[in-house]
Amino acid sequence: MKIAISSKGGSLESEVDARFGRCPYFIIVEIQKGEIKSSKALKNTATAHQRGAGPTAAELVANQGVKTVITQNIGPRAVSAMKKLGIKVYKSSGLIKEVVQEFISGELKEMTGTSSGCAK
Amino acid sequence: MRIAVTGGKGGTGKSLVATSLAAELSKNNKVLLVDADVECPNDHLVLSIKRRELRKVVQFKPEFNYDKCVKCGACSRACKEKAILFVKHDFPKFVPEQCIGCGACLAACPSRAITKGKNKIGMIYSGEKSNLSFLSGETIEGVEETSPVVNTLKKEIKDGFDYEIIDTAAGAHCSVISALIGSDLALVVTEPTPFGSHDAALMLELLGKLGIPSVIVLNKSTIGEKGLIKGLGSEVIAEIPYDKKILEAYAAGRVVKHKAFDKIIKYLEDL
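Protein chains in written order, with our numbering: chain A, 1 to 120; chain B, 1001 to 1271.
In short, the hints are calculated from the structure, not lab data. Everything numeric in this text was worked out from a predicted model, so none of it was measured. Do not take every clue at face value.
Within a straight-line C-alpha distance of at most 16 Å, the following computed EDC-like cross-link-like pairs (lysine to aspartate or glutamate) qualify [claimed, not checked]:
(1) B:Lys1080 x B:Glu1053
(2) B:Lys1263 x B:Glu1024
(3) A:Lys83 x B:Glu1039
(4) B:Lys1257 x B:Asp1090
(5) A:Lys84 x B:Asp1090
(6) B:Lys1030 x B:Glu1097
(7) B:Lys1266 x B:Glu1235
(8) B:Lys1154 x B:Asp1184
(9) A:Lys84 x B:Glu1024
(10) B:Lys1257 x B:Asp1243
(11) B:Lys1120 x B:Glu1039
(12) A:Lys67 x B:Glu1141
(13) A:Lys83 x B:Glu1097
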């Protein structure tokens, strides 16, 4: 399975970016049999959008075959978009490689609504 | 005669001036007050008017016929608001909150898989108080583009009024511009503060570009620095002092009476 994590930098050693729609990078991680099979950094082109960055970013990761996203905060429009695209969202923070391990071991909580206090 | 009450900065007293002026003018004239602050209308509260639903404001939204859809993504690429999401080899997904009803998707679809649907974005209300007629528009929460509600509201203005008073929202953005267009005169309500002066200057510049004559009504005139407003180079036709009695009346939802409003009426009558 493929997951996307909002990231401050371009590697597994980077930290999770608090924002989903406007993070600079997504780290796309492919997990097979409970292990990281491969990973790559994807530049988040949605940051250029004045508005609608959330839905744009959701579409961007969906086109990578991603069905799971890990981030900290997500706005209401991104939530709608994720639901339409069938993407599950989990909340976490810290180093990407550690967060991925937390996800693999089932420690992360799924987010069902918005968590951002500013996007309203 | 159509008079816009505007100002740029929020909280300068636009609704105070619009409601008081409308109430006073309606004693001897046929007056319509239009609350065009469609994101947060409250003139009806100040005037204790019970609003009746007049009509819904609807906008185009795409409806997808997936039997005809060829999954080309043209609709999604045409949509500048990202209201249509497209993932390769899948059907387009519609996010209604993002849609502004422009119809670009309808034009872009090569297989006629999109048809015209309706999206409710607001409501137009009417009401009255004694001789004063009243219209008000209200946008549904979460809708980003509020100008269509203002434009629909303005279409409900019937002929035959001596004065039509349009109370605009704060700011100088699209929905305010929609409210201002077509006015014969704009009353720029401001206050003698750096913020009031700064935003009034922007508003005066905007009104200049729209070709709408403008004058200033200075609220809270007894506090702050009047020089800031005099420097704007536009005529100040009335001053409303910072007076506890005015604040109390307004806070209690009563129509405020003050000689400043008589001055404005005199100005209008002399035009």
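Worksheet item: Keeping to a limit of 16 Å between CA atoms, is the pair of Lys1080 (chain B) and Glu1053 (chain B) held or broken?
Response: Outside the cut-off at roughly 33 Å; violated.
Item to complete: Given the hint that Lys67 (chain A) pairs with Glu1141 (chain B), test it: the Cα-Cα distance must not exceed 16 Å.
Response: violated (30 Å)
Worksheet entry | Straight-line alpha-carbon gap Lys83 (chain A) to Glu1039 (chain B), limit 16 Å | violated (28 Å)
Worksheet entry | Pair hint outcome, Lys83 (chain A) versus Glu1097 (chain B) [Cα-Cα no greater than 16 Å] | holds (13 Å)
Discussion item. Between the alpha carbons of Lys1266 (chain B) and Glu1235 (chain B), is the straight-line distance 16 Å or under?
Written reply: Judged against 16 Å, a Cα distance of about 15 Å means the pair holds.
Worksheet entry | 16 Å limit on alpha-carbon distance, applied to hinted pair Lys84 (chain A) and Asp1090 (chain B) | Satisfied, since the Cα-Cα distance of roughly 12 Å is no more than 16 Å.
Worksheet item: When you check the alpha-carbon spacing of Lys1257 (chain B) and Asp1243 (chain B), does it fall within 16 Å?
Response: Given that 16 Å is the threshold and the Cα spacing comes to 12 Å, the pair holds.
Item to complete: Starting from Lys1154 (chain B), check that the Cα of Asp1184 (chain B) is at most 16 Å away, please.
Response: The hint holds at about 14 Å.
Worksheet item: Lys1120 (chain B) and Glu1039 (chain B): Cα distance at most 16 Å?
Response: Answer holds: Lys1120 (chain B) to Glu1039 (chain B) is near 15 Å, not above 16 Å.
Worksheet item: Taking only the CA atoms, is the gap from Lys1030 (chain B) to Glu1097 (chain B) under or equal to 16 Å?
Response: Given pair Lys1030 (chain B), Glu1097 (chain B) is violated - Cα atoms ~40 Å apart, limit 16 Å.
Discussion item. Check the hint pairing Lys1263 (chain B) with Glu1024 (chain B) against an upper bound of 16 Å on the C-alpha distance.
Written reply: holds (11 Å)
Worksheet item: Is Lys1257 (chain B) within 16 Å of Asp1090 (chain B), Cα to Cα?
Response: Given that 16 Å is the threshold and the Cα spacing comes to 63 Å, the pair is violated.
Hints 1, 3, 4, 6, 9, 12 from the list above are not met by this structure, while the remaining hints are.
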